[in-house]
Amino acid sequence: MSDQGSWNRREFIVKPILWAGTASVFAKADLLLASPTRDTSASPILQRILGKTGLTLPVVSMGVMNADVPGLLRRAYELGIRHFDTAAGYQNGRNEEMVGQVIKEMGVRDKVVISTKQPSGSRSQNAAAAKKQFVEKVDGSLRRLQMDHVDILYHHAVDSAEDAQAEGPLEALQSLKKDGKTRFIGISTHKTVDVLSEAIRLGLFDVGLVMLNYTMAHDAGILSTIEKAANSGMGIIAMKTQAGGTVRPDAKLPKELPAASQTALLKWALNHEFITTAIPGFSTYEHLEQDFSVARNLAYTHEEERFLADKTFASKAEFCQQCGECRKDCPKQVDIPVLMRSHMYAVQYQNIGMARDMLASRAPGRGLEACAACESCHVTCRNTVQIGRKIEQLKALPVSQLLT
Amino acid sequence: MLRHSLLRTIALVSIALAATYVQAQSSAPRTADAAQRQLASLLREPFPGPARAQAPPSFYGPESLYQYIDGGADIYLLYDFKGLLHQDFKSGSAELTVDIYQMDQTEDAFGIYAAERSPTYKFVSIGGEGYRDKGVFNFLQDHYYVKLSGSGANVDGLLDQFARLLSERIGGVRTLPALLVKLPREHRVPHSEQYVRKDPLGHAFLAPAYVVAYAQGKQESKLVVSVANNPQEAKSRVEQLTKHFQQSGECASAPELGEGGIRAKNNYEGRMIARTQGRYVIALLNPQENGAEILKTVARSLP
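Chain order of the listed sequences is A and B.
In this text, residue positions in the first sequence follow my numbering: the first is 1, and each later residue adds one.
In this text, residue positions in the second sequence follow my numbering: the first is 1, and each later residue adds one.
If you are wondering where the hints come from, they were derived from the structure by calculation, not from laboratory data.
A portion of the hints provided could be inaccurate.
FRET-style restraints, in silico, Cβ to Cβ [said to hold, decoys possible]: (1) B:37 with A:386: 24 to 34 Å; (2) A:127 with B:247: 48 to 58 Å; (3) A:180 with B:34: 48 to 58 Å; (4) A:49 with B:53: 44 to 54 Å; (5) A:233 with B:46: 55 to 65 Å; (6) A:374 with B:5: 49 to 59 Å.
Predicted, not measured: the structure shown is a model, and the values here were computed from it.
Note that beta-carbon positions come from the ideal geometry of N, C-alpha and C, so glycine has one too.
Whole structure, please, built from the sequences with the hints as guidance.
Structural data, given as structure tokens:
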């Protein structure tokens, strides 16, 4: 790793390829012969064990969030997907209804792993009220799913260590597990480092549902935290693996990337051995088939390698390489790489805590406060990061107000 | 004289072009402000209750919506979300949250509203349509989707008052999209209509499409009216549908259904019949016995 604690490009390309090779050995696939024309449909589906739960899952599962088409679930099951993830909040509960109805019609409840999620209620509630409300809402989920239990119940969208340890939901989760309404309990978060670290400390969660995608390749903090959680026995499931939703690196990044990009991005995430499975949110039969093809072979094709090595995606994603070349062009000697990293935490990862810590870490007079002296920033990045725009965005965020 | 007239014409055209240029240059920065002002005008004092605002309103645009609703923002962006006004209120012991989503077109507002509504909700007559539940009152009107939620004593009455006030201020279109009126009413599952911008029935090439459920006994069918840009594109969509079913099951030409008619089936989608009508593709998933007649009826009603 580089001195700044992030992987360089060579590491994030090579390391996953080495892991892919290992995975291929276990899958009896031949990495050297991997090619776009090779028919892998006869290869076995790669499976991994979810932490200490003992659940064995194919490496590609289905995030049902974006799908309201029963046929997609049926086809997903037909292909070999065995884990379906939904949540109480998706389409106001209709998503759970659909999942439940399809699983019931197919008669395969005992063959699949179903997860759903419930967020905390209002922060103004006391612990007892919060626990009661949480349990009642989970009962609602079970009714919609037409099930007497789910396999994994997540505390949904936890965005701080404080929320992770909130007494009400924690007690609710544990009592629901004890009552058999869920086999395992999990925590889902977009604030990986803070929340997962707290989850590790609490030692109560069986599963962690975290974001992991290519835009995080340089973030050793996130990667090492996830690995640590996995080593502690938590089963780790990856979401947002294809950089969609809240972690779209930039709004101007085109939605329609090359076809190879989707499988490349999914493979990149799955080539981390601490990930059991991913839950891409496909919404067409075409994407379903494309994504699930990865479950039989994690080795990169030439097109996929080219995509991951191509600077275009990274540059459009405006991913700061932390090279520091911009510093010398700033009249105030601001620590711009730190500001860019803070922007990434605040905007992409929505981790205001991390963003604040990052800003606080710079030398006095070298941070965002120094930017106030300039009407706008004209420093240019050799890698096309729009530094001025990101600094303006940072100034507009709550994190900057906390420092003034 | 001719020269004078020509010069005058050139001058007038130049002035007009300059004015257009200035308008174009200034409209972009003003657009976001205009959206905010428009939204803010809907939530001005006096408030019913009387409720007191707990803080100034928050505005979210397409690039910042995820900061408020996280991953839920994607579907709003899909329906051309333009802006959100969010504000919290308190009246006595009741607390209320007002979220007014401004979408680009009325179809978009309907699309996102319908994506979140279930046929089992308790529907009320307001705007284009609305529904309520304990502590919730959501409705659709013109190109707005209004979501009200609250808790505390007498909150349902307060929700009602806010909903009616906002409906009055929004004005505009108070009906569902016109095309839905043209579709058969018999056996239609009430409140099942959707406007799907992305991947209707799991097929990207069918977007955008209206989807409506019909039920006779225990069997449910889905009627899909896919809106293409022109008849050629509609024909291309049916060709893609044909190819999909040929690869995954069976598909045969069915001229008795009408223009471009096909009959298809596979293990996981079931049976489908489809045809074109001008720039529309009309398809029925899991059709009843009178499916062919339904296709023809719909075809006749479309422009």
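Consistency of the hints with the structure:
no., hint, verdict
1, B:37 with A:386: 24 to 34 Å, "holds, 28 Å"
2, A:127 with B:247: 48 to 58 Å, "holds, 55 Å"
3, A:180 with B:34: 48 to 58 Å, "holds, 55 Å"
4, A:49 with B:53: 44 to 54 Å, "holds, 52 Å"
5, A:233 with B:46: 55 to 65 Å, "holds, 58 Å"
6, A:374 with B:5: 49 to 59 Å, "holds, 53 Å"
The structure meets every hint from the earlier list without exception.
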